[in-house]
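Peer 1: Sequence:
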Amino acid sequence: MSLGASQTDTSPTTILSESPSPFADKLRTNYVPSDPEIADIRRLVHSESVWAQDISRMDEEIQEMQLALDQLKAKQAALKETFDAHRALISPLRLTPDDILREIFMACLPTLHNALMDANQAPLIFGRICRRWRVVAHSTPMLWSSVYVPLTTSADISISAISAALKRWLERSGSRPLDISLYALKPHHSSVIDTGSTLPILLDAASRLRRLSLAGDLEAFQPLLLLGAESLPLLTSLHLYNGNLDDHRVLEHAMKLIGIPNLTSVSMSINLNALSLPSQWSHLRTLYLWHEGDPSAACRLGCNEWLELLRRCPNLQRCEVYISESLPDFTFSSDIAPITLPSLHTLKMFGDFRLSNWVPRLSMPNLLYLRFGFAKSRFRRIDIPPTSSHKAMVASIDCSLLSRSGLYALLSSFPALSHLELLAYYSSLQGYTVDDALLAELHNVCQMLTHLVIHPPTTISHAAVSDFIRARIHSHPPLQQVEAHLLAQKVDLAPDIQSFVDNGLRLKFEYLPRKSTWPFNPSAGIYVQDDFM
1 MSLGASQTDT
11 SPTTILSESP
21 SPFADKLRTN
31 YVPSDPEIAD
41 IRRLVHSESV
51 WAQDISRMDE
61 EIQEMQLALD
71 QLKAKQAALK
81 ETFDAHRALI
91 SPLRLTPDDI
101 LREIFMACLP
111 TLHNALMDAN
121 QAPLIFGRIC
131 RRWRVVAHST
141 PMLWSSVYVP
151 LTTSADISIS
161 AISAALKRWL
171 ERSGSRPLDI
181 SLYALKPHHS
191 SVIDTGSTLP
201 ILLDAASRLR
211 RLSLAGDLEA
221 FQPLLLLGAE
231 SLPLLTSLHL
241 YNGNLDDHRV
251 LEHAMKLIGI
261 PNLTSVSMSI
271 NLNALSLPSQ
281 WSHLRTLYLW
291 HEGDPSAACR
301 LGCNEWLELL
311 RRCPNLQRCE
321 VYISESLPDF
331 TFSSDIAPIT
341 LPSLHTLKMF
351 GDFRLSNWVP
361 RLSMPNLLYL
371 RFGFAKSRFR
381 RIDIPPTSSH
391 KAMVASIDCS
401 LLSRSGLYAL
411 LSSFPALSHL
421 ELLAYYSSLQ
431 GYTVDDALLA
441 ELHNVCQMLT
451 HLVIHPPTTI
461 SHAAVSDFIR
471 ARIHSHPPLQ
481 QVEAHLLAQK
491 VDLAPDIQSF
501 VDNGLRLKFE
511 YLPRKSTWPF
521 NPSAGIYVQD
531 DFM
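Residue numbers 1 to 533, in full-length UniProt numbering, belong to the letters of the sequence shown in order.
Just so you know, these hints were derived from the structure itself, not from any lab. All of these numbers come straight from a predicted model, not from anything done at the bench. In this text, a Cβ means the ideal position worked out from N, Cα and C, and glycines have one as well. One thing to keep in mind: the hints can contain errors.
Taking lysine-lysine pairs in the DSSO-like style, the calculated list, with each CA pair at most 27 Å apart, reads [said to hold, decoys possible]: (1) 186 <-> 167; (2) 508 <-> 490; (3) 186 <-> 256.
Just the calculated beta-carbon pair ranges, DEER-fashion [to be verified]: (4) 90 <-> 142: 26 to 32 Å; (5) 134 <-> 282: 31 to 37 Å; (6) 526 <-> 444: 58 to 64 Å; (7) 366 <-> 106: 49 to 55 Å; (8) 511 <-> 106: 43 to 49 Å; (9) 74 <-> 27: 37 to 43 Å; (10) 86 <-> 53: 27 to 33 Å.
The task is simple: from the sequences and hints, build the whole structure.
Peer 2: As structure tokens, this is what we get:
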């Protein structure tokens, strides 16, 4: 019996067209059949009915077709496996010379930290692909010239296993200079940190250490802290983060290490006066003095100390400092000679401080990136200096730390400023707040401005932002991006502003309307008495 008028039409009505149902107009409705109709329906869906027999036959046909399909798929898979195996013989990567393969391996290494002792990441993963890759990787010393070593207890790996892996790692590095990061954390159940044979292995390779980072409980690294210039002839970069701020013996041990004359990069978070360090300040190119959330954890640095520190570091290129204390409104004396930092291109200053006239006291002709604020975690919008045909500059400024005149003076001091981020999270600091007046003057103060970001939501108006766009859009260089967070209701863009957007202006408004303190509660005031009866 034929079950359909068309091979492509498989609806129930078509399939059953030769055996029409008397209930076709009742199907898929809420119709309730009568008792006689129920008896008729039961005869139609009985297991011995014509419909049931057709369904059973279709199941058999489907099984036969499925078996044929499975056999065909198996033949296809076998043929594809042979096909792919032949293609693999002539794959570009298989034919890549070893030197090119090494360059590819090098490009896979992490760029923000040293290589990890992780079998699923470079360079260890290269030894798990094929014999050739393993041979090439293990014979490329540059791949193994950096490593991060966490000396922490774990249920699945022991310190002795980490030490053994480190020994093999350094053997593969040959005679290359080494970049080593160590992290040690004292277990809660013990007063001793187990470093295994890690430190003896590193002491044997001390003459090759180029960059050294020690973090956590620094007392565990005492043998390394006691090394001097004669043992570390290649050391140029030192990072120290002391997790045990009360252990001042660590600082005494580290003095010799900090005083190595070849150091050009120093990063520290230890509880001491930064100016007391025996560092060769004039050699430094990079300096970070920071903390992890608690000002007491910082290298203590007030405004006077910060000024003196910059005076001692005339060759700085990158500087990030946390100023832990200052007078209510610190002002540099006019008789202090200006400080020249001709190579400084990145300056980041954080902390609870107020400086009224610090910019005129500093000569930074090549500064490209400035961050100035209370907490560095609040800066999030503009991170990478732009590439531009003109000399561009990026600045992220927390207005909470500046008076109105101080902010204007700061902005006016950098005529090349092109990317500007303004924020004011900490109103309790009684600093300047971004408002319409600032936007009205910004066009004249920052004539090279192309990108502007303002957050969090401020009292600036939509109209003031629109006027700023109109003033800057036809300037040279033209305005390219504006992002503003507003405490206002959303409004439609003016036609001319919309035309600027259509022509390429990146514009983003985020609105945060003022909300009532108490949201509507539909059950407010309902009292339900407990029934104890």
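Peer 1: Mind listing which of the numbered hints don't hold for this structure, in increasing order?
Peer 2: 5, 7, 10
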